[in-house]
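**Student:** Single-letter residue listing:
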Amino acid sequence: MPVVLETISLVKQFNGIIASDNVSLQIEKGARHALIGPNGAGKTTLINLLTGVSRPTSGRILLDGEDITDLSTHKRVRLGVVRTFQINQLFSDLTPLETIGLAVSERRGQGLDWWRIVGSRPDLVAEVVEILERFHLTDVIDKRTAVLPYGKQRLLEIAVAIACRPRVLLLDEPAAGVPEDERYEILAAVAALPSDVSVLLIEHDMDIVFSFANRISVLVNGALFIEGTPEEVAHDARVKAVYLGEELVDA
Amino acid sequence: MTPPPAAVRTATEWLSARARWHPLEIVFWFAAFAAIYLFPARHLILTEIAWLGLFALSLDLILGYAGIISLGHAAFFGFGAYTAALLAKHEIIEEPVLALLISGCAAMTLGFVTSFLVLRGSDLTRLMVTLGVALVLRELANRYGWLTGGADGLQGASVKPVLGVFRFDMFGHTGYTYCLTVLFILFLVARRLVNSPFGLSLLSVKSNPLRSSAIGISVDARLVAIYTVAAGYAGIAGALLAQTTAFASLEVFSFDRSADLLLVLIIGGAGYLYGGLIGAIIFKFMQDYLSALTPQYWPFWIGLALVVIVLVGRDRITSWTTPIRLTAARLNWRALARRSAERL
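Here the protein sequences line up with chains A and Z, keeping their order.
Mapping to numbering that gives the first Met the number 0: the first sequence position 234 is 233, numbers consecutive.
Mapping to numbering that gives the first Met the number 0: the second sequence position 244 is 243, numbers consecutive.
Hints were generated in silico from the structure; no laboratory data involved.
All C-beta atoms, glycine included, are put in the ideal place defined by N, C-alpha and C.
Don't take every hint at face value.
Stated by the list, open to error - If you want the ones that stay clear, here's a sample from chain Z, every Cβ over 10 Å from chain A, calculated:
hint, residue
1, E94
2, L146
3, L199
4, L202
5, I216
Unchecked claim - With the Cβ distance kept under 8 Å, some of the chain Z side facing chain A (calculated, not the full set):
hint, residue
6, F27
7, W28
8, G152
9, S200
10, R210
11, S217
12, T244
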């Protein structure tokens with residue numbers, strides 16, 4: 000499989016603290032790649048570097064072999080590098096309908112259209128409704144995002160990213176904080192992501208990681224510790240020692 | 000997988016719900032134009048309300064929609080006012096409407112250049128930067144007296160008839176019709192703008208810039224764009240003042256003017272376009288009434304009103320009218336939901 004997104008010796012220092020230590024990671028086309036590691040291992044830092052929220056101290060980031068290290072966040076999104084957030088980053092006063100409508104119209108390059116009224120393009124609305132249906136948001140389509148149940152907000156978080164038609168999707172703990180009874184909806188949504196989208200998943204929940212991923216990278220103290228198939232990672236004695244402990248023995 | 004057409008229709012209606020004309024809006028504009036015939040004796044104050052309303056509408060575009068707070072919006076107002084006064088005085092452009100457009104463009108240029116100063120930083124930074132820009136412009140106008148008339152103001156401008164036909168008079172008859180027409184046209188444009196995909200993206204930038212950039216929006220570019228447009232609106236408001244009074248003075252740049260403007264918008268409520276207009280009506284009539292009552296102490300009452308308004312709004316300065324608007328919106332939704340249920 001060809002590599003879609005690649006980092007070469009990525010280093011990020013904050014005031015002398017090394018948050019990313021020489022990370023060289025490859026994400027293949029259509030991958031279901033999980034990134035795990037103990038708290039503070041630098042997982043979110045890596046996502047921030049990949050999406051351009053922060054700039055690396057050294058190292059390169061390549062998308063399809065093209066250097067995107069110096070591109071701003073919104074330009075990377077247009078090239079197909081899209082993320083979700085560990086803590087919801089939604090538009091609290093907009094409805095899910097407006098939120099997805101905005102994301103789709105931006106993706107289609109109509110964001111500078113200041114004369115047409117929102118919703119005046121039938122094909123755009125059809126796509127928006129289709130996305131909302133796919134993420135089970137039709138029953139809250141016209142509610143302000145701020146008043147949605149937390150599980151719905153998590154779904155919207157992923158739906159917004161999908162509306163950007165990602166080529167590489169970076170999911171930052173999609174099920175974080177979701178109550179047990181709403182969890183299956185999130186898992187189903189993650190499992191149903193289009194197969195041509197390459198996914199990098201950060202997750203603490205090992206059930207999700209092992210049911211989802213066909214490739215796992217373990218990050219410890221900012222550096223890549225080991226990478227392999229779920230089988231290999233699950234049975235690696237060093238991984239057990241540094242991070243997973245007893246949890247993995249059952250898996 | 001195509002969704003059912005009924006669902007798409009409902010979604011279309013909901014998406015365009017913000018843009019639908021409310022009957023009260025039609026009443027509002029009808030009343031404004033009816034005042035041309037009904038209250039000829041009040042045209043002078045109505046003229047002031049019209050340009051102040053436009054000025055406040057301009058602030059609403061950046062504060063209510065893009066979340067940029069400013070204490071120096073008079074910079075653009077004053078720049079437009081001096082441009083219009085200079086064009087008239089030196090008889091460069093004699094026709095007021097054309098001069099108005101040029102003044103607006105001049106203010107837009109200034110807005111574009113200074114917009115880069117408000118991209119970064121907190122609300123406090125923005126307050127200080129905008130304040131600073133207005134102070135700098137005021138002192139420049141003071142310093143270059145050969146051009147601006149300095150502290151005496153720019154006198155001796157004579158404004159020609161609008162479109163070569165409608166002569167300005169001392170009772171404000173032409174002035175009010177002229178200002179109201181300009182306000183109405185620019186209001187319609189602003190109304191399209193805020194209900195467009197661009198307007199929606201402004202709301203998203205105001206609400207969450209981090210996520211906005213994560214869906215491919217260039218946050219800086221959007222802020223530059225709306226700041227530039229708003230500066231143009233403010234410049235036209237200033238030009239209207241200069242044309243209707245045939246005068247421009249340093250006071251157009253003053254801090255008081257910027258601060259009053261914020262007051263006007265907060266009185267009316269930001270973020271729904273009418274706030275500035277309603278605020279201008281309340282502010283001007285209150286000022287008129289109170290200053291007749293207590294010529295020296297009327298700011299006391301304005302100050303008191305401000306404190307009460309902000310406390311009622313629980314210091315969410317942009318939205319003390321929110322409960323009213325939410326109720327109206329809810330009624331609107333309900334009617335829509337009923338209609339779409341019938342259709343299904």
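**Student:** Could you run down the list of hints and mark each one as holding or not?
**Tutor:** Status of each hint after checking the structure:
no.	hint	verdict
1	E94	holds, 27 Å
2	L146	holds, 35 Å
3	L199	violated, 5 Å
4	L202	violated, 6 Å
5	I216	violated, 6 Å
6	F27	violated, 20 Å
7	W28	violated, 19 Å
8	G152	violated, 37 Å
9	S200	holds, 5 Å
10	R210	holds, 4 Å
11	S217	holds, 5 Å
12	T244	violated, 32 Å
Hint compliance for this structure: hints 3, 4, 5, 6, 7, 8 and 12 are not met, and every other hint is.
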